[in-house]
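All chains, please: the whole structure from these sequences, using the hints.
2 protein chains.
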Amino acid sequence: MINIAIVGVGTVGCSVAKILEENRDLLNARAGKELKIVKGVVKNLSKKRDTNIPLTDDIDEVLNDDSIDIIVELMGGVEEPYSVVKKALEKGKAVVTANKALLAYHRYDIQNIAGDLPIGYEASVAGGIPIINALKVGLSANKIMAIKGIINGTCNYMLTKMIDEGVEFDTILKEAQELGYAEADPTFDIGGFDAAHKLLILASIAYGIDAKPEDILIEGIEDINQDDISFAKEFGYSIKLLAISKKIDENIELRVHPVLIKNDQMIAKIDGVMNGISVIGDFVGETLYYGPGAGGDATASAVVSDIVEIVRAGKSSPMLGFKKPFKSENLKLLPTEEIESKYYLRMSVKDEKGVLGKLAQTLGDSNISIDTFLQKPINHDEAMLLFSTHTCLEKEIKVAIKEIEDFDFVKTKVSMIRIEE
Amino acid sequence: MINIAIVGVGTVGCSVAKILEENRDLLNARAGKELKIVKGVVKNLSKKRDTNIPLTDDIDEVLNDDSIDIIVELMGGVEEPYSVVKKALEKGKAVVTANKALLAYHRYDIQNIAGDLPIGYEASVAGGIPIINALKVGLSANKIMAIKGIINGTCNYMLTKMIDEGVEFDTILKEAQELGYAEADPTFDIGGFDAAHKLLILASIAYGIDAKPEDILIEGIEDINQDDISFAKEFGYSIKLLAISKKIDENIELRVHPVLIKNDQMIAKIDGVMNGISVIGDFVGETLYYGPGAGGDATASAVVSDIVEIVRAGKSSPMLGFKKPFKSENLKLLPTEEIESKYYLRMSVKDEKGVLGKLAQTLGDSNISIDTFLQKPINHDEAMLLFSTHTCLEKEIKVAIKEIEDFDFVKTKVSMIRIEE
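Chains A and B are the protein sequences, given in the same order.
In this text, residue positions in the first sequence follow my numbering: the first is 653, and each later residue adds one.
In this text, residue positions in the second sequence follow my numbering: the first is 653, and each later residue adds one.
Just so you know, the hints here were simulated from the structure itself, not pulled from any lab data.
Honestly, I wouldn't trust all of these hints.
[What the hints assert, rightly or not] Simulated restraints on C-beta separations:
1. E686/B x E742/A: 31 to 37 Å
2. E820/A x K864/B: 55 to 61 Å
3. G728/B x P706/A: 52 to 58 Å
4. T663/B x K1010/A: 56 to 62 Å
Note that the structure is a prediction, hence the values are computed from the model and not measured.
We treat Cβ as the ideally placed atom computed from N, Cα and C, and that holds for glycine.
Next comes the structure, spelled out in structure tokens:
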């Protein structure tokens, strides 16, 4: 018998209990032991919950209970769950967590404290898709050359809707909030922060690299509009919020931002609330993982699968997949300005003589050449210019954008989206 | 230091050696120990090979060498590799194999002999895609309701080409053989047998069910022609060779055959030599895994990843994922005749009065109703009839087909493809 305590009994916690109940015989056969939730820890005992787990509001009751083998942390937040996980490990308990924010900040601390104790965190990235396991075990033969992930369902739902239905951002956001696909305060999702947390976890498994959210480029989807989408459609692109990691020589790029990406790429075919992660390994080439990135049952599927493996395998491999520090390569984070990309720019300009010439000159001065170009009239004396560039450096496009915005004939901020090849 | 011997040093074996060499530092960090190939066993020592592994033609030399920790079996065949794997396990060595035919027949024997010794077989299904690991570990919380796999690259390449280029089967087969995508004797691939071997392995992890290739429905893609493809295009279908497992109550369906499948399904979007497997779990819903299903480097990626995990984790979970026999459900293989499906039928008929009426009558007598219908003239007195049915039982359609073929006005064998919803 394996005794489990769940700390934080919300939607996911209730689903975990439901799976252990409904699939009891199967899990028992797979794990080799009976799995039992003996206690749930909650903040508010009086809140109604859809479960019959015995509840307490005293975390020490489970931390000090030596009969409890596994702590499942589903609290949310960063420092409070960190303290719980730390104490659980110090008491010799295995830990399963779905908490990406916790891991974005404390994954190396937790790995160090854990030692040989198993930590499961499959649910922390892309919900029900076993991407942690794929990257840590299934692809471990490879240098990971690139990861491109659609790992925020809210953004993917909204972008898909904007593309399919031609509706603007604010309208879709309201609809997503009503459907429960977006939070009342949606910043964490649509600003790219949620995806960034997940990317950092994946990057540690891929490269053994430690980075915090504040170290990397994070941009959201707030500024995308139907002009961008019409340009994308015209030239065979989809628009996605991608979490990207790339290894170029000794440099690691980590970034989250919207991209234009060609429709024929597998990752561009992942629509709606679904998640997908493309991983390129130096020997395996591209593999891609697709599935539900959120939802109580899908997330709980990952949590329970972690529990089964912890019980079944007896001993787990080190949390982030490296048994020894990986020192032979001197990997370092590439500064944002050094990123190479193609870019798409949108601006509205006064429709007067010489505008195109001056823009082309400005771009040329920064070594940037134009790839495709679309001009649409806005009214009798204004036009919308939409164009894409050939590859250049981020610092070059930034300088060019600043100079373009200084022209009198440019009426708006220049909107920029990176083009992912 | 972990000493490894490779038995069968062909394309995959040479790639394994190349990965261990090129990614030495990374693998050392991930596994925690240096991984070294100390010996390769080959049949013919005089054959030129692209590797500097020390070779022998004496298998006993590695089986009796106590310093060898892991045997990598890449021989091909069934009984000969079984004997090698058996002896290796009896000597206390861990085993990694890429051999799906071996596992299609002896996976339970090997699991029984292995006891606590780790067996890696990620490479046996879908090459570089870590589907074994996903099913065994990442989805272990779930009852597996369905698996739909494109797990034979040869067939998928040929069908994609037939659809994209409008060329008939024989022409594409010749081209595939020239490109090395199909064997000189292609029966094993295009007849569905290769996919069936892989399906049986997946089914054991999903359900703990033991079955042999001869127990299940296996049909190939030999009879598909451009008439079928034009019907598919007309009604929004793609044509794929699918390996299918479904759990319906206590019944397990296992079958390999071509299907018509709607273009908007993710699995229908997997084209060319690529593989993809869609898995539906009762809690997680659909997840899908995509990548290269063959090729030396991709297959070797899976082999080496298995080696890393065996060394890193110390102890592995049981080979097929069940720590104890799963007795609580009395799962049994559904006989082929009891399969429920929609069907597509093609036949050429004499273009005379009353033909449609007689066909409709025959189908109606078997409780089968027509869903869509297409008639194309072949010449002045013959026509091609293409139609799809609503759901019926396999035994009902078989009776109907037999009766239809008995009509004088039916000029050819009736060609049938199942429609996957």
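Hint by hint, here is what the structure shows:
no., hint, in the structure
1, E686/B x E742/A: 31 to 37 Å, "holds, 33 Å"
2, E820/A x K864/B: 55 to 61 Å, "holds, 58 Å"
3, G728/B x P706/A: 52 to 58 Å, "holds, 56 Å"
4, T663/B x K1010/A: 56 to 62 Å, "holds, 58 Å"
Hint violations for this structure: none, all hints satisfied.
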